[in-house]
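A.B. asks: Residues per chain are reported as follows:
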Amino acid sequence: MNFQQSPSFSGQRVSGVQSGLSKNLFRLEDVSIRFGSIQALSNVKLSIESGEVIFLTGASGAGKTTLLRVLSGDIKPDSGKVSIPSPKRCFISKVFQDLRLEMNKTCEQNLWAAYDTSIYENKKEFKKDLEELASVLGFDNRLDLKVKDANGGLKQKVAIARALLAKPDVFIADEPTASLDSGNARRLFEILNIYNVRKGMTVIWASHNKELVKNFSGRIIHLDNGKLIYTGHACFI
Amino acid sequence: MFYLNNFFKSFFHFPVRGVIFILATVLFVGSAFVTTKVERSLLKGVAKMEKGASFFALIDSKENNSRVARKLRELPGVEKVKVLSKADVSSSLDELLKTLNVGVSRDLIDLSFSGLQIEFQKGLPQRSQNLIRDYLTRLVGADKLTMGAVNRESQDLKDKRGSFAVMIRTYLGPILTAFAGVFWFVLFIIFRKDFIRSSYLSEQFQRRSNVPAKTLAAGFALLFFGTAAAMYLLAGIPQISQILFVFTTMFMILVVHVRRIEWEA
Numbered sequence: 000m001n002f003q004q005s006p007s008f009s010g011q012r013v014s015g016v017q018s019g020l021s022k023n024l025f026r027l028e029d030v031s032i033r034f035g036s037i038q039a040l041s042n043v044k045l046s047i048e049s050g051e052v053i054f055l056t057g058a059s060g061a062g063k064t065t066l067l068r069v070l071s072g073d074i075k076p077d078s079g080k081v082s083i084p085s086p087k088r089c090f091i092s093k094v095f096q097d098l099r100l101e102m103n104k105t106c107e108q109n110l111w112a113a114y115d116t117s118i119y120e121n122k123k124e125f126k127k128d129l130e131e132l133a134s135v136l137g138f139d140n141r142l143d144l145k146v147k148d149a150n151g152g153l154k155q156k157v158a159i160a161r162a163l164l165a166k167p168d169v170f171i172a173d174e175p176t177a178s179l180d181s182g183n184a185r186r187l188f189e190i191l192n193i194y195n196v197r198k199g200m201t202v203i204w205a206s207h208n209k210e211l212v213k214n215f216s217g218r219i220i221h222l223d224n225g226k227l228i229y230t231g232h233a234c235f236i
Numbered sequence: 000m001f002y003l004n005n006f007f008k009s010f011f012h013f014p015v016r017g018v019i020f021i022l023a024t025v026l027f028v029g030s031a032f033v034t035t036k037v038e039r040s041l042l043k044g045v046a047k048m049e050k051g052a053s054f055f056a057l058i059d060s061k062e063n064n065s066r067v068a069r070k071l072r073e074l075p076g077v078e079k080v081k082v083l084s085k086a087d088v089s090s091s092l093d094e095l096l097k098t099l100n101v102g103v104s105r106d107l108i109d110l111s112f113s114g115l116q117i118e119f120q121k122g123l124p125q126r127s128q129n130l131i132r133d134y135l136t137r138l139v140g141a142d143k144l145t146m147g148a149v150n151r152e153s154q155d156l157k158d159k160r161g162s163f164a165v166m167i168r169t170y171l172g173p174i175l176t177a178f179a180g181v182f183w184f185v186l187f188i189i190f191r192k193d194f195i196r197s198s199y200l201s202e203q204f205q206r207r208s209n210v211p212a213k214t215l216a217a218g219f220a221l222l223f224f225g226t227a228a229a230m231y232l233l234a235g236i237p238q239i240s241q242i243l244f245v246f247t248t249m250f251m252i253l254v255v256h257v258r259r260i261e262w263e264a
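Sequences listed follow chains E and C, in order. Using numbering that gives the first Met the number 0, you'd call the opening residue of the first sequence number 0 and step up by one each time. Using numbering that gives the first Met the number 0, you'd call the opening residue of the second sequence number 0 and step up by one each time.
Simulated from the structure, these hints should not be mistaken for lab results. All values derive from a computational prediction rather than experimental measurement. Hints may be right or wrong, so weigh each one.
With beta-carbon atoms standing in for the labels, derived distance ranges [as the list claims (entries may be wrong)]:
hint, chain 1, residue 1, chain 2, residue 2, range
1, E, I228, C, V15, 51 to 57 Å
2, C, V15, E, E120, 34 to 40 Å
3, E, G72, C, T169, 48 to 54 Å
4, C, A228, E, Q108, 33 to 39 Å
5, C, F246, E, D139, 47 to 53 Å
Note that beta-carbon positions come from the ideal geometry of N, C-alpha and C, so glycine has one too.
One chain only, chain C, in its complex shape:
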């Protein structure tokens, strides 16, 4: 109890310092626990960036495009149907002309069209995509419909996303814990003076030995296991390598203090 008391008394001699140090410790220990959660949410974000194949369709403006969109949305395999505004149609028309590669000037094309962008679900087979396109042709009529080619996501983009996901899985945890560790260590170095002094005085004027190491052992054990228990309840199982890193860092600091200390003026 004396050592625990000594730990908190020396770090809370200035209460703000004490609170900052406790928070830094929670961040350091907690980083090993939250990595999985942060990783998951980041990977979810990466997965969201992935889009299914899509195509544009221009429909005679006399057709009820809202009805067509509704009918399409009801189809299995259709992720999203976007009704395009006139401005969107205009920009999409350029894309369509490019895709069709017909060499016709845009000024010559009748613009009495409404537009739709139909996005397929991710990984939808080619056959199903064709069936949806056929359905649209039947629904609107071939003479009132112009469809663009199906745009598939480039392999390059897929590779980039894949390597980004691998990077997150490999480096996120260690980087997170390393940053929290450096921050915690710097604070410890800044705040250790009061702790060293009170430990030194306890060794000099009380019948005690190895006060710094025992004090750190008591304080770190409480902070480490207390935070770990709380984080386990909140976030589940930690990353073993990271929690070992946190434990080793604290243990090494403790080992360094198993020696005769000198007064720091």
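If we strip away everything but chain E, and leave its shape as in the complex, we get:
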């Protein structure tokens, strides 16, 4: 199986959103969110362009997940303005912290949740992509394993593969490497990088592991207690 020759990974770099949108995919202006007594986000000002790779860093409870949920359109802010692309023009695929897999189904059955007839010509094409991605992520021999019997790393890989098989314009992942060792985490980032370079996929990746992300190219957005502390290239951190 040649990852490089796969039709799903081939082609020139194209815009993640091919419908003539402005370059700014996401724009947040003075966004604040409070959950009871906890200030989850405080006056966050941020814009993300199409095709960017963003690392969202910060300690646990810094507001990373809340910010991702705002960007996904799952929650609305208490104050401030949020501009996110319409789902019809820009498809966002997510890897959730709790993974949201169907435990009684096999890994492969879980991946079939991403079989969208509007982007895949037939099941054969989807199956081919599925097998390639499983092979690249290193779980092609465990596709028949029930998710409830899988270890944490495998579950995470299945959740990531499912999100990628949806061929999104924007890939949002909340701690996607939490259960992966550094080798697998690095491999995963390389795959996301290929999707970013070849397909123009915007990647927004939340991680509390600053050491891991500073080795990669991309923009870091660092949060602390709901406040945006730093935004800039990873190599300057």
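Please build the complex by placing chain C on the supplied structure of chain E, with the hints as guidance.
C.D. replies: Frame of chain E, contents of chain C only:
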């Protein structure tokens, strides 16, 4: 087709669950159709409980009581003639003595009688009843026959039966459909988790929106109209109020699902 497929796939992920849910749906929708039939058979049963007036007759045991019974059965207006055994006569004699109110001890009465219980057809006029009694007197001879008074059904019993019939007509349908509805709703709540999950995943990883509502609309429409068509062929026209109740229940569930759903762990 995707939505219909999603509906059946999520409910038949565990086949037994799927079959139970389909049967519950058929029961729910079908309840609106079978009410008339169940009502009719129950009312028929109630009508059967109604009896015509009757009287007892004691005939000299030397007379051929079978012949007398046969002759009586041939008469118009006679519903039933029962030849009573000696034990029956004994118990009927008590009743007869009570009816006659003669104050004679049973021990003093000659028991060389055979008995008959003659039941008139329902609603037979008094005049016709008297004619039948006269015929019996002529047939057996007044000296060989003792007849009891005609027992008429009490008004109280008639009223009770009447109110029972009204109760059946008023409440049977709604109760039947309500029970089937509660059963169906409980099953839906129990089984909806798989459906919610698969719909959620379709919304998250496929370019689709409002998957739960569309899935339910497709599934319910097929089950509702499919069952209704089959039941119409088998049982005829449904009770309009009940079929509207079934439709509204399903529609309300569908409306509740026209919203952004959350992952149910």
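A.B. asks: Hint by hint, note whether the structure agrees.
C.D. replies: Structure-based check of each hint:
1. Hint check: E/I228 to C/V15, Cβ distance near 55 Å, so the stated range 51 to 57 Å holds.
2. A hinted range of 34 to 40 Å holds for the C-beta pair C/V15 and E/E120, which are about 36 Å apart.
3. Separated by about 52 Å at the C-beta atoms, E/G72 and C/T169 satisfy the suggested range of 48 to 54 Å.
4. Checked against the hint of 33 to 39 Å, the pair C/A228 and E/Q108 passes, with Cβ atoms roughly 34 Å apart.
5. The supplied range of 47 to 53 Å is met by C/F246 and E/D139, whose beta-carbon atoms lie about 49 Å from each other.
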